[in-house]
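Could you put together the complete structure from these sequences and hints?
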Amino acid sequence: MRDRVFIGIGSNLGDSQANCITSIRELVKDRRLVFRDASSLYLTSPVSSVPQDDFVNCAVFVSWTSSPLSLLELLMGIENRMGRVRDSRKDSPRVIDLDILLYGNLILQEHSLIIPHAELHRRKFAMVPCLEIDPQIIHPGLKRPLATFLSDIDDQQSVERIRKITFDEIGL
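Using my numbering, you'd call the opening residue of the sequence shown number 197 and step up by one each time.
Take every hint as true, because none was put in to throw you off.
Straight-line Cα separation of at most 25 Å, SDA-like style, residue types lysine to any residue; simulated pairs:
{"hint": "1", "residue 1": "K360", "residue 2": "D293"}
{"hint": "2", "residue 1": "K286", "residue 2": "H313"}
{"hint": "3", "residue 1": "K225", "residue 2": "D211"}
{"hint": "4", "residue 1": "K225", "residue 2": "S266"}
{"hint": "5", "residue 1": "K360", "residue 2": "I334"}
{"hint": "6", "residue 1": "K286", "residue 2": "A214"}
Simulated from the structure, these hints should not be mistaken for laboratory data.
The structure displayed is predicted, hence computed values, not measured ones.
Written out as structure tokens, the structure is:
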């Protein structure tokens, strides 16, 4: 069985647009994954008390045939190969950040993985790209349409569309 998965992607070090595209290229190489769609790239303000550059964010929608933990391992491997340095501060700048946002209707709380992503409904930079792909997403844990959370979020979270990601640039 294939699970419908939304993966959030972000970068604010180096060429952030290229980093996001490269991470998607790396993702689609895995045979357990079937690429379905990608959002546009968005320029977003950091949600952090740490002074840092704006992020480029996007989301991809995929089907996945293995376990959630094996997907997490794949994502962390891509981050490591792309040069991500894990800082002790959760909100530090990064070359690439790959997060499982939604995994079908799965609700999971393990030490290394929480699905849906614990902050998804509070982060415009994660919701807007997902909603571009599927405006009807229901948050499985909170049982509300994801779009209804947008009005609950501080307007200081800036999210500006840059451009659509093309299939050609990700190698499809």
